[in-house]
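Produce the entire structure from the sequences given, and follow the hints as far as they go.
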Amino acid sequence: MDCRTAQFFLALGRLREAELDEADAQALATHLAGCPVCGPQAEAEKAFDRQLAQVMQDVAIPKSLPHRLHEQVARYRRRRWLAYAGMITAAAALLLGVWLGIQWRHHYRPVPDLDLLHDQVLVEVVNPRPEKLLEWLHRNDIDVPPPPQFNYALLRHYYITRFQGKPVPLLLFAHGNRQARVYLLSDQHFDLNGLRAGQQQGSGVNLAVQFHPSDHHVAYVIVYEGDSLADFLVGDEPPAT
Amino acid sequence: MTSPGGRLDFHQLVDDHYAALYRYAYRLSGSTADAEDLTQETFYQAQCKADQIRDPGAAKAWLFRILRNAYLYRLRSEKQQRLVSLDGLGDMVTAIEPLPTFDSGQLQEALNELPEEFRTAVILYYFEEFSYRDIAEQLGVPIGTVMSRLARAKRFLRKRLSSATSSHDRRTSDGL
Ligand SMILES: [Zn+2]
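If you read the protein sequences in the order shown, they are chains H and D. Okay, so the first sequence: first residue is 1 according to this note's numbering, each after it adds one. Okay, so the second sequence: first residue is 242 according to this note's numbering, each after it adds one.
Please note that a few of the clues may not be correct.
Lysine-lysine pairs mimicking DSSO-like chemistry, simulated, CA-CA at most 27 Å apart [to be verified]:
| hint | chain 1 | residue 1 | chain 2 | residue 2 |
| --- | --- | --- | --- | --- |
| 1 | D | K290 | D | K301 |
| 2 | H | K46 | D | K290 |
| 3 | D | K301 | H | K63 |
| 4 | H | K132 | H | K166 |
Rough simulated footprint, nothing fancy, chain H against chain D, three-plus residues with beta-carbon under 8 Å [stated by the list, open to error]:
| hint | region |
| --- | --- |
| 5 | 255-265 |
| 6 | 290-296 |
Restraint ranges, calculated between C-beta atoms of paired labels, are given here [as the list claims (entries may be wrong)]:
| hint | chain 1 | residue 1 | chain 2 | residue 2 | range |
| --- | --- | --- | --- | --- | --- |
| 7 | D | K290 | H | M87 | 17 to 23 Å |
| 8 | H | V98 | D | L313 | 45 to 51 Å |
| 9 | H | P36 | D | T342 | 23 to 29 Å |
It is worth saying that the hints were derived from the structure and are not from the lab. Note that beta-carbon positions come from the ideal geometry of N, C-alpha and C, so glycine has one too.
Right under this line is the structure:
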């Protein structure tokens, strides 16, 4: 190895001779041992390196630094843990809410609301005048006139029932302890041509079929108790109570 | 260095590396306050990015990289450096010069005048036993570049510290 090459390696840094490959390191060592210029220079460089490395590390470290760093690490971990815990709590609350909702839907049965029942009955039964009945039919979009021949002083109740799967208004009349139920049928829902006007007597319960005097699209099926339907028709006074 | 769950144990990392990181930060920044801030910021960022690293053996280089990036970020926002040009310094050693005597403060003054990429290389080289390859990875440059920067930085330090010593000697003798 010549001086120029040796100087090149020296300039690269002696402390890391191990990073030169085996052959270069050996050649350099041989040259430095025998060369009156490069040898002393290499020694001087080594001394400078040692000095530099020593002074470089001469940095006083604040005594409290490690303690503060440990605290910082712990603080960060606590914050992260709290954030995780918050997320888990929120997720758990959500799941619990969903579960409770499902349970509620499966098991929910309402407590009977007596007030609701009372109001409902009150509206329909108290003072059932014919004009109120017409109003009610209109409100429910039912275009069927009520039977004109009945005595509406005897009307006690009306509602919509289902007859052969069709919605049918039902009027309930009472005479003493006897009742007459009147089903209002329209040819919208039934083939009224198959009906014959008349009465069928049965054992205690009788049936009558009547048509509206002017509107043949409407028929009334009456189920009544007692011997005569006449008690429920106009002209008969309701019994004194 | 990892907890039973396989995660890095940061308390252990603090114990193992805080001193080296603080010294590195001090030599980079030249200020004790900045060195403390940088060391704390390094561990904070490391905890935030803990999932980036699985191998505890790579933790030291990783922490040093985080610290340097934090330092560079500050440097860019401060932009108040007065740096020397190393263009006049060749890679070749030309003559045997007398060994200067200098202390930690004088060394720091000289380091402060070096451009960051030279300063970082020479600091890592001298006190943390980083290999050329390690330094190259820290700086993100080829090994050849690291060697060249180290050689030039050393030449500068030697010159600068020698002149500091001689001017100090001159001042001392002037005073006598
Ligand atoms: Zn030689």
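Okay, the hints, checked on the actual structure:
1. D:K290 <-> D:K301: Since the Cα atoms of D:K290 and D:K301 sit roughly 14 Å apart, the hinted pair holds (cutoff 27 Å).
2. H:K46 <-> D:K290: The given pair, whose Cα atoms are some 40 Å apart, is violated under the 27 Å limit.
3. D:K301 <-> H:K63: Since the Cα atoms of D:K301 and H:K63 sit roughly 21 Å apart, the hinted pair holds (cutoff 27 Å).
4. H:K132 <-> H:K166: 23 Å, holds
5. 255-265: holds (count 6)
6. 290-296: violated (count 0)
7. D:K290 <-> H:M87: 17 to 23 Å: At roughly 20 Å between Cβ atoms, H:M87 and D:K290 fall inside 17 to 23 Å, so the hint holds.
8. H:V98 <-> D:L313: 45 to 51 Å: 50 Å, holds
9. H:P36 <-> D:T342: 23 to 29 Å: 26 Å, holds
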